[in-house]
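K.L.:
Mind docking chain B on chain A? Use the hints.
Protein sequence lines, in the order shown, are assigned to chains A and B. So the first sequence is numbered by our numbering: it starts at 6 and just counts up by one. So the second sequence is numbered by our numbering: it starts at 6 and just counts up by one.
Check the hints yourself; a few may be wrong.
Ranges of calculated distance between the beta carbons of each label pair, as one might list FRET restraints [stated by the list, open to error]:
| id | chain 1 | residue 1 | chain 2 | residue 2 | range |
| --- | --- | --- | --- | --- | --- |
| 1 | A | 276 | B | 101 | 35 to 45 Å |
| 2 | A | 219 | B | 79 | 48 to 58 Å |
| 3 | B | 228 | A | 142 | 36 to 46 Å |
| 4 | B | 288 | A | 299 | 22 to 32 Å |
| 5 | A | 88 | B | 292 | 46 to 56 Å |
Part of the chain B face toward chain A, derived, beta carbon under 7 Å [what the hints assert, rightly or not]:
| id | residue |
| --- | --- |
| 6 | 86 |
| 7 | 210 |
| 8 | 216 |
| 9 | 220 |
| 10 | 222 |
| 11 | 229 |
| 12 | 265 |
| 13 | 301 |
Honestly, the hints are just simulated from the structure, not real lab data. Cβ atoms here follow ideal geometry from the backbone N, Cα and C, with glycine treated the same way.
Protein chains: 2
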Amino acid sequence: MSVLVVGSVAFDTVRTPFGHKEKILGGSATYFSYSCSFFSRVNLVAVVGEDFPSEYRELLMERDINLDGLQVRDGKTFHWGGSYHYDMNEAETEFTDLNVFEDFHPELPYHYRSSEYVLLANIDPDLQLEVLDQIDNPRLVVGDTMNLWIELKKDVVEDVIRKLDILIVNDAEARQLTSEVSLKKAADQLLGLGCKYVVIKKGEHGALLFSRDYIFSAPGLPLETVVDPTGAGDTFAGGFMGYLARSGDLTPEVLRRAMIYGSVMASFNVEDFSLERLKKLQKDDIKTRFQEFKALTNF
Amino acid sequence: MSVLVVGSVAFDTVRTPFGHKEKILGGSATYFSYSCSFFSRVNLVAVVGEDFPSEYRELLMERDINLDGLQVRDGKTFHWGGSYHYDMNEAETEFTDLNVFEDFHPELPYHYRSSEYVLLANIDPDLQLEVLDQIDNPRLVVGDTMNLWIELKKDVVEDVIRKLDILIVNDAEARQLTSEVSLKKAADQLLGLGCKYVVIKKGEHGALLFSRDYIFSAPGLPLETVVDPTGAGDTFAGGFMGYLARSGDLTPEVLRRAMIYGSVMASFNVEDFSLERLKKLQKDDIKTRFQEFKALTNF
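The following block holds chain A by itself, in its conformation from the complex (with noise of 0.2 Å):
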């Protein structure tokens, strides 16, 4: 089963403790659809400018990736520039060259519009509701956002949750959207908005899935180095989503394996800069971390 990713491919240039790149592989789409990968075909919805260089495209091509979906433009990439401190946690944002991303609107090959598991990534909310309308009868819709489009359009971010299955937002995310303190009472508000699954991302500290009916607490894996987080949240929703087409199934078990192959994914994608980390990842190595997920959270 394929998933339709839609989000930004584009350049990062990062700074961390443990160094600085300059122009490195990013974007919301590039993360999700390499973490994806692993568990189900992707197929993926961006644009880049002219610039954009064709061993980055061959990378993304060689896990299987279509990109058919890709639009060029004239012009340059998205390239965003930030930084991380001392705790990590959050970035310090430099700059946001837009570039053709300002004016891009996602077009769906038409070989994609029945696609059943589809991935709205962070982008503005009136695009990702342009996306919806261009998908015939979807299976799964899960959704990102992040505080600009919550700051600027919550109507709108709102209208897009009540078509989601599920909606997948970090911490501080769920609290700025419900203006609520306990993660709990967010989660509650938002499933009353109509989507049937919250997951909440709380960085190193793992992440909550939140159904009508139950919870699931995912670990966040404690790593010796984490070299940089860009991309982790992205890498997660990849591997929760993989996981789920693979599985064409959404019972509580199904559900709380992908949380934590999502956790796997992303605890891989920190370890190195861009895709570094995951470019070397075996399948043997999914599943010997998913064990010692195990191994942490068990009694």
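P.N.:
Chain B only, in chain A's frame:
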């Protein structure tokens, strides 16, 4: 098997978004022993002033907590004032009136000296060493500390850690003690000092147990309402240590369950001010919540 605790018995004046309470019963030894009493007998060592009300004393005695080691001195009881704001994760201290606690030297009644389970709550590390000098042959020594002592007397804190079987600290204290951001690296460094286990509490995000051979992650239970987080760490330690003493064992299975019992007790404690929630607690409530923790993490 009874547990010896040395720490503070105090008045707390607390302001949270849910109310303002004057001179309610608080203190590390209070929270610890009340929580521990659901699992094991407790022998308490602390000091209060002549103003300490008999109803507070009776509250502890009703739970079979032995107060032979509770000194009563001329003067006033230790009084702490603090407030919590929006995120409830950190208290802002408004005043600390040490009063009789200022000249406190723990004196163990003769029949306490053969205690096998010892909890050194957060007091001056020099006093923690004085306690250990008065104990014959403890089977398990667990200790806590705080930022103030790490700042003022780091060497003495490290001397104490060398004598502990289990160190319990929060994430900020672990980082302050070791200058490591990674909790894994911090724990390894603390284990390197000589203690056998390190527990790192992370507030609403749960707690981690580190040994040389494995890591265990206890989740935080997502609660609708956190009324007052004061004493949560000591309440955790009470459930943790009480269960260990009752089990008489330190297998990984017992330690993992002890982490969950600690978390169970702390999750009740934050639901009301002072001991209000714990006062109403039934053994079945503990069992039920233990099962909730199981459902929360099982995959």
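K.L.:
Each of the hints needs a verdict: does it hold here or not?
P.N.:
Tested hints:
1. 276/A with 101/B: 35 to 45 Å: Given about 42 Å between the Cβ atoms, the range holds.
2. 219/A with 79/B: 48 to 58 Å: Given about 56 Å between the Cβ atoms, the range holds.
3. 228/B with 142/A: 36 to 46 Å: Check passed, 39 Å falls within 36 to 46 Å.
4. 288/B with 299/A: 22 to 32 Å: holds (30 Å)
5. 88/A with 292/B: 46 to 56 Å: Holds, since residue 88/A and residue 292/B (Cβ atoms, about 48 Å apart) stay within the stated range.
6. 86: violated (22 Å)
7. 210: Hint on residue 210/B: holds, closest Cβ of chain A at ~4 Å, below 7 Å.
8. 216: This interface hint is violated because 12 Å lies over the 7 Å limit.
9. 220: holds (6 Å)
10. 222: Residue 222/B check passes; min Cβ-Cβ to chain A is 4 Å, inside 7 Å.
11. 229: Hint holds; residue 229/B Cβ to chain A Cβ min 5 Å, cut 7 Å.
12. 265: Since the shortest Cβ distance to chain A is 6 Å, the answer is holds.
13. 301: Holds: closest Cβ of chain A sits about 5 Å from residue 301/B, inside 7 Å.
Checked against the numbered hints above, the structure breaks hints 6 and 8 and satisfies the rest.
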